[in-house]
Amino acid sequence: MDLSDRRDVETEVYQPAEDSQLLAATTCERLNENDDESDADPPLVLEVGTGSGYVARRVDEETTARVIASDLNPHAVRQAREEGLETVRADLVSPFADEAFDAVLFNPPYLPTNPENEWDDWMERALSGGEDGRAVIDPFLENVGRVLAPDGVVYLLVSSLTGVDEVVERAGEEGFSAAAVADESFPFETLTVLELFR
Amino acid sequence: MKESLLDILRCPLDKHELELEDAEYGDDGEEVVGGDLVCTECGERYPVDDGIPNLLPPDMREETPA
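The listed protein sequences derive, respectively, from chains A and B.
Numbering of the first sequence is given in this note's numbering, commencing with residue 1 and proceeding in unit increments.
Numbering of the second sequence is given in this note's numbering, commencing with residue 1 and proceeding in unit increments.
A couple of the hints might just be wrong.
With a cut-off of at most 25 Å between alpha-carbon atoms, the simulated SDA-like pairs for lysine to any residue come out as follows [unchecked claim]: (1) B:LYS2 / A:ARG78; (2) B:LYS2 / A:ARG81; (3) B:LYS15 / B:ASP28; (4) B:LYS2 / A:GLU82.
Bear in mind the hints are in silico, worked out from the structure with no lab data behind them.
Since the structure is predicted, the reported quantities are computational estimates derived from the model, not experimental observations.
Same shape as in the complex, but just chain B (with noise of 0.2 Å):
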């Protein structure tokens, strides 16, 4: 993901801003592969996965049909 992208996207439950933290970058030094996005509220962690936010709220994270 861009780090831009952070200016649109917002926890899932309670709408407040995220905080990029543990950040991993690709090899093009720009683009975030790994890390967390932390709620600046609630301090729920999103990780960012092979550079694929992950926003899903907690309880439907691990849903996997199947």
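Just chain A, same shape as in the assembly (with noise of 0.2 Å):
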């Protein structure tokens, strides 16, 4: 499967897909298994890349969560905003205080692609990983430690096509341990729930 399979005809957006619906699901589970109601506030969590906000929105809804959605992406910010999301536009994790969030959730762009075969609009930078998949996964692991609180963890999507087992060593190396909390195989590739913390 290459990024031509994968393209719709919705080219500004990514739209809601196996993808989201794994990580939405899994992430209002854990939440809500770990929702301590001697808390005093409920948590805050922040999705990087929220695209059409389809996972912070049922984040929103199922859970007693705060949820900040992020893109770089003017148009999904826009989208997420007419969800109902309180919406920034970023660069991953770059304008948001240490220590700030609970969770950050991310369904990174992850698919291989060769330079030759790349479109340059929103949705290649949506879909595509660069040439090893991790283009994007590397830089969002190398500064997301700073944001997360204390006892913060991570839910990443990622995809057999770009390796789990390179991205739970990556993520070893910016000191995190690494849990595969969810998994679900496709034709052409199985989609993991990571859940990182420290």
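Two chains, two frames, a set of hints: combine them into the complex.
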């Protein structure tokens, strides 16, 4: 499966697919399991690369968390805001305070892409993870630790096309332990949700 | 954006706090729909466009794929 198979008529904002549903369902389940009623404040959750806002909206509706949705793409943040979400146009986690979030969610662009085969539009930015599929995942892993609260966790969607072991190893270099908390197989890939914690 | 979002937003360049200037409020009088978020350290200004703060660093702000 390559990028052209995944490319829809939609050209500006990635619309929810199996990966979005798996990340949303898993995150809601984990947040609700860990919801400690003695906590005075509801958890603060950031979704990076929210796209249509589907995952952020489900977490907003199905958990007690306050959810912030961010994206690089101006069309995406507009769509997410129309969903009633608090939105920020941002490059990954760069404009957020240290230790701000109890959880950070990311369904990253992860399809390995031949450089000669790129479209240079917003949909390509939403899907392509560069030649190894990790062009966006790696800088995310380098920086996400800064904005996580001491007990904060990351929920990261990873495809077998990108390589779960490679992502776990990279996360380890940044001081994270990883647990696969959900996975689902499809004809061309297996999707895994990694929970990263310190 | 809600004004309370300022508590967790920082300048993407130097991570210092931001101050809201020239704020325009929506019909409910609470949501910030326009204005600038200004870095208290470096003075860089980040616009609030249609209620959405644009916290991209200046060199990425104009970037638009073809």
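Against the structure, the hints come out as follows:
1. With a C-alpha separation of about 15 Å, the suggested pair B:LYS2 and A:ARG78 falls inside the 25 Å cut-off, and the hint holds.
2. Distance restraint check for B:LYS2 and A:ARG81: the Cα-Cα separation of roughly 12 Å lies within the 25 Å cut-off, and the hinted pair is therefore satisfied.
3. Distance restraint check for B:LYS15 and B:ASP28: the Cα-Cα separation of roughly 31 Å exceeds the 25 Å cut-off, and the hinted pair is therefore not satisfied.
4. For the proposed pair B:LYS2 and A:GLU82, the alpha carbon gap of about 15 Å is at most 25 Å, so the pair holds.
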